[in-house]
Amino acid sequence: MTSIVKPFSFLLIALILAISLVLEIASAQTGADADGEPYADLEASLAELSSDSLGELLEFVSGNTLFVIYHEGGHMLVSELGLPVLAQEEDAVDNLATISMLAADTDDMDLFLYHAMTGWFLMSEDNHDALIFYDEHDLDQQRGYRMLCMMVGADEAAFLDLAQDLALPEDRIDSCGFDFDQASESWEVVTDPFVRDGDEPAGKIDIIYEDAPENLKTLATSFQESALMDQVANELDTFYDLPEQVTFRATTCGTDNAFWDPDLREVIICYELLGGFASLYLDLLSGED
Numbered sequence: 125m126t127s128i129v130k131p132f133s134f135l136l137i138a139l140i141l142a143i144s145l146v147l148e149i150a151s152a153q154t155g156a157d158a159d160g161e162p163y164a165d166l167e168a169s170l171a172e173l174s175s176d177s178l179g180e181l182l183e184f185v186s187g188n189t190l191f192v193i194y195h196e197g198g199h200m201l202v203s204e205l206g207l208p209v210l211a212q213e214e215d216a217v218d219n220l221a222t223i224s225m226l227a228a229d230t231d232d233m234d235l236f237l238y239h240a241m242t243g244w245f246l247m248s249e250d251n252h253d254a255l256i257f258y259d260e261h262d263l264d265q266q267r268g269y270r271m272l273c274m275m276v277g278a279d280e281a282a283f284l285d286l287a288q289d290l291a292l293p294e295d296r297i298d299s300c301g302f303d304f305d306q307a308s309e310s311w312e313v314v315t316d317p318f319v320r321d322g323d324e325p326a327g328k329i330d331i332i333y334e335d336a337p338e339n340l341k342t343l344a345t346s347f348q349e350s351a352l353m354d355q356v357a358n359e360l361d362t363f364y365d366l367p368e369q370v371t372f373r374a375t376t377c378g379t380d381n382a383f384w385d386p387d388l389r390e391v392i393i394c395y396e397l398l399g400g401f402a403s404l405y406l407d408l409l410s411g412e413d
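The sequence shown lines up with residues 125 to 413 when you count with the working numbering.
Since the hints were made in silico from the structure, they are not lab data. Computed from a predicted model, the values in this text were never measured in an experiment. Take these hints with a grain of salt, some might be off.
Stated by the list, open to error - Here are the computed distance ranges between Cβ atoms for each label pair:
1) Glu294 to Gln369: 44 to 50 Å
2) Ala168 to Pro367: 42 to 48 Å
3) Asp298 to Asp176: 34 to 40 Å
4) Leu178 to Thr376: 21 to 27 Å
5) Asp387 to Ser410: 38 to 44 Å
6) Thr345 to Gly378: 18 to 24 Å
7) Glu280 to Asp176: 29 to 35 Å
8) Phe318 to Leu178: 38 to 44 Å
9) Gln212 to Ala326: 26 to 32 Å
10) Asp229 to Ala326: 20 to 26 Å
11) Glu294 to Ser169: 36 to 42 Å
12) Ser410 to Glu294: 29 to 35 Å
13) Gln212 to Gln288: 24 to 30 Å
14) Glu368 to Ser410: 44 to 50 Å
Said to hold, decoys possible - Calculated cross-link-like contacts (lysine to aspartate or glutamate; reagent style EDC-like; alpha-carbon spacing at most 20 Å):
15) Lys328 to Glu204
16) Lys328 to Glu359
17) Lys328 to Asp385
18) Lys341 to Asp354
Note that CB positions come from ideal geometry on N, CA and C, so glycine has one too.
I would like the entire structure built from these sequences, with the hints used as guidance.
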């Protein structure tokens with residue numbers, strides 16, 4: 125695949141030049157307004173954007189959200205299938221999310237991964253803990269570099285420029301092909317006993333979109349219409365023989381988070397997390413201004 129088109133290269137430049145200011149703003153906001161409602165003024169901010177800028181924001185939100193869905197789907201598989209995880213589980217499901225998105229091998233998915241990595245490295249700054257999801261998931265740049273290295277290992281032509289923009293060391297780049305192959309083979313080995321013989325979903329994953337609050341309607345509508353959660357749920361339901369019924373649910377949580385609940389057997393995607401990603405993008409635009 126040829127090198128990914130990078131309409132958001134200016135974001136990386138803005139990140140480098142204005143990261144301190146952006147993070148101070150985001151940290152102070154912590155995703156909520158004075159009345160405590162997360163992202164209460166977000167709809168008004170989105171309404172001020174041009175159609176092109178809104179489209180770019182929604183793509184940024186989609187890329188970051190899709191990675192999160194695959195990540196939480198990985199936690200679901202570990203829990204439901206009883207998969208052995210020799211290293212840290214967070215690292216293992218990071219690998220699954222990255223491998224799954226790379227497997228699509230399309231320009232659109234590469235662009236989603238590009239956005240996810242941009243968001244990851246921004247959010248992994250030590251002085252930034254605005255989004256509860258990343259605070260609870262022990263975000264750090266080393267995990268980001270591992271994922272970025274796998275991306276380069278899978279498709280150097282598509283992701284080498286991004287790796288260099290995000291300062292992945294050259295000597296690390298040389299080993300990225302090995303890292304990707306090792307991670308892919310590890311997941312294949314542990315999941316092989318549970319692979320289904322079929323090309324249609326087994327009906328073991330229910331998909332539910334609850335109503336979103338008015339201040340997150342635009343993002344929630346875009347999320348549902350994109351069918352990203354459906355895509356991941358159907359993919360996992362097709363590939364793996366799940367022992368019990370599982371639910372993927374988009375809902376209001378009161379905080380910007382996403383998680384796997386093993387007791388309820390539910391992957392929860394909070395609408396507020398979409399708001400957090402949108403707010404992050406708006407902060408970047410504000411920082412460049």
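To see whether the hints hold, each was checked on the structure:
1. Glu294 to Gln369: 44 to 50 Å: Holds: the Cβ-Cβ distance is about 48 Å, inside 44 to 50 Å.
2. Ala168 to Pro367: 42 to 48 Å: The hinted range 42 to 48 Å holds for Ala168 and Pro367, with Cβ atoms some 46 Å apart.
3. Asp298 to Asp176: 34 to 40 Å: Between Asp298 and Asp176, where Cβ atoms are some 38 Å apart, the hint holds.
4. Leu178 to Thr376: 21 to 27 Å: 22 Å, holds
5. Asp387 to Ser410: 38 to 44 Å: 40 Å, holds
6. Thr345 to Gly378: 18 to 24 Å: 20 Å, holds
7. Glu280 to Asp176: 29 to 35 Å: Holds, at about 30 Å.
8. Phe318 to Leu178: 38 to 44 Å: 41 Å, holds
9. Gln212 to Ala326: 26 to 32 Å: 30 Å, holds
10. Asp229 to Ala326: 20 to 26 Å: Holds, since Asp229 and Ala326 (Cβ atoms, about 25 Å apart) stay within the stated range.
11. Glu294 to Ser169: 36 to 42 Å: Taking Cβ atoms as reference, Glu294 and Ser169 lie about 40 Å apart, which means the hint holds.
12. Ser410 to Glu294: 29 to 35 Å: For Glu294 against Ser410, whose Cβ atoms are near 33 Å apart, the range 29 to 35 Å holds.
13. Gln212 to Gln288: 24 to 30 Å: At 27 Å between Cβs, range holds.
14. Glu368 to Ser410: 44 to 50 Å: The hinted range 44 to 50 Å holds for Glu368 and Ser410, with Cβ atoms some 45 Å apart.
15. Lys328 to Glu204: Roughly 12 Å between the alpha carbons, so the hint for Lys328 and Glu204 holds.
16. Lys328 to Glu359: The hint holds at about 11 Å.
17. Lys328 to Asp385: Satisfied, since the Cα-Cα distance of roughly 16 Å is no more than 20 Å.
18. Lys341 to Asp354: 19 Å, holds
In summary, the structure agrees with every hint in the numbered list given earlier.
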